[in-house]
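Undergrad: Chains as they are written, first to last, in the working numbering: chain A, 1 to 261; chain B, 1 to 318.
Mixed in with the good hints, there may be bad ones.
As the list claims (entries may be wrong) - Quick look at which bits of chain B chain A covers, simulated, 3 or more residues with Cβ under 8 angstroms: (1) 136-149; (2) 174-182; (3) 260-266.
Unchecked claim - Chain A regions said to be covered by chain B (calculated; three or more residues, Cβ under 8 angstroms): (4) 80-90; (5) 104-116.
What the hints contain is simulated information worked out from the structure, not anything from laboratory work. Note that beta-carbon positions come from the ideal geometry of N, C-alpha and C, so glycine has one too.
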Amino acid sequence: MNLLTVEGIGIRFGGLHAVRDVGFSLKAGEIVSVIGPNGAGKTTLFNIISGVYIPHSGRILLESDDVTGFDPYLLARRGMSRTFQNLQIFQAMTVLENVMTGFHLRESGPVLSDLLALPSSRRRSREAESDARVLLARVGLERAAEREASALSYGALKRLEIARALALNPKLLLLDEPAAGCNAVETEEIDHLIVDVAKEGTAILLVEHDMKMVMRISNHIVVLDHGEKIAEGDPATVSRDPRVIEAYLGTQGQDANHAHG
Amino acid sequence: MKLSAKQSTLLVLILIIALAPFFFPSAFYFRIGSVVFVNAVAVVGMVILTGYAGQISLGHAGFAGIGGYACALAPVYLGLHPALAALLGALISAVLAYLVGRPILRLKGYYLAVATLGFGILVSMVLSNETAITGGPDGIKVPDLGLRAWLVDRGLKISNSQFWYWFSGLALVIGAWLALNLHESATGRALRALHGSEIAARTVGVDVARAKLIAFVISAIYASVAGSLIALQNRMITPDIAGYMHSIEMVTMAVLGGAGSVLGAIFGATILTLLPQVLTVFQQYEQIMLGLVMMLVMIFMRDGLLPSLVARVRGRGE
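Make the full structure from the sequences, and use the hints.
TA: Here is the structure:
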């Protein structure tokens, strides 16, 4: 059964069709990438799937439940989690606290017990803290745990966002350019991390400009141009598709590795 | 043993409250101290709303008015003990905050500030105009809490202003303790998260509208309790307590000290309560001064006085 089914999604901003009639699906443990030139509608599509925008047409099914237009917090409860292209970090909190918020759904309890610091409340916080430290170690940030998040480098913040998203233990993880601003070593680490997470059964939807990474780890690629799906298939098929080469890689470019939109 | 941030904040607060009387030139300062503490209770509530959750209310004096008038009216009309009347006031404030906040906090943006502004003005108008019940602009008497008499009966020699100093100080410590507990709990992290990035808070599963409502209701209870304490200590109350200026004063105190920190907010409450006592010129031009303080803090010390000073001292130390 498909974990995520996107059917005929469309959205207009003013008269502009930012996304038009896009559909695809995703199974547990699969890595699906959405690629396309800048302005193709990738992030808009992400924002629709994750409930930030409500589409004007089409629907989104999460495990056969229609979740179109659901608020992101309701989608989080159903196992969807995401990162952001333009970082959305809780700047005034420590790195550790940032990840601990990712455990909100499992950790939160009665407000009164939090106000009174009852043993149950403190136990929930302790559990979230130790789980968060495990995730920080997984993304290589365990030594930055007590630092203010605003003090971290861009690449580290990208990994922090991934750790926070993983804290939800998601069935579906949306990653919006996780390797942007990262050096080659960091990119490879993120690359391995994504593959590992997928092996554990999480479905991953990826937007990424690093074509090496996309070609290496994706099971399936969806290509957007001007808000419309122009091709989809496995990496080999997509990279040979003439429409893709024309729209995305540029007419002169067979070299997919340097295909920054 | 190393103290946590919560423990050290509480320790500093308790030491200040306990040691300050040794430096009082006259008994009058107990009275000033208790006013400082009561204002600080209300401002700690603002820390939860504004510092943690990033929401602004311009009508919190309305809740202080409800808390204050509950202590005046409930003993007369319902025969309640003043302490129970204060509890009733807190309950009414919580319910009203819920009813006002629920529809408003579903909307994005600064609707809360506008709606609370209206709410505060409404409460103060009702208190001024329902003369038959509230006594109108001249105010109304408030019955004695009776706790001091009880203590004196048991041989504890304590003056009225001393009693209120210690009682308000205790209320402030409890208020600060609750706020600090909240800060490092799941609820507190959710509030601070939505302040940092509302969209990211939603994607980790925070029901943002509900979280804001929680902060609003809790802070309304703080304001209500502060209002009750003012009424009980003055043995009388006027509609000024619910006035617009009082709301602005609360926000300014919180912002001046540093809305994100409990100790900072108490610091802000202390300065703005003491200034009019020290400088009579401040009393005459209070409104201008409040505006000026707010502007200067926003321009030069966005995090508030205390956090900015701490950061500066630390920066020098390194």
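Undergrad: Going back to the hint list, which numbers does this structure go against?
TA: 1 and 3
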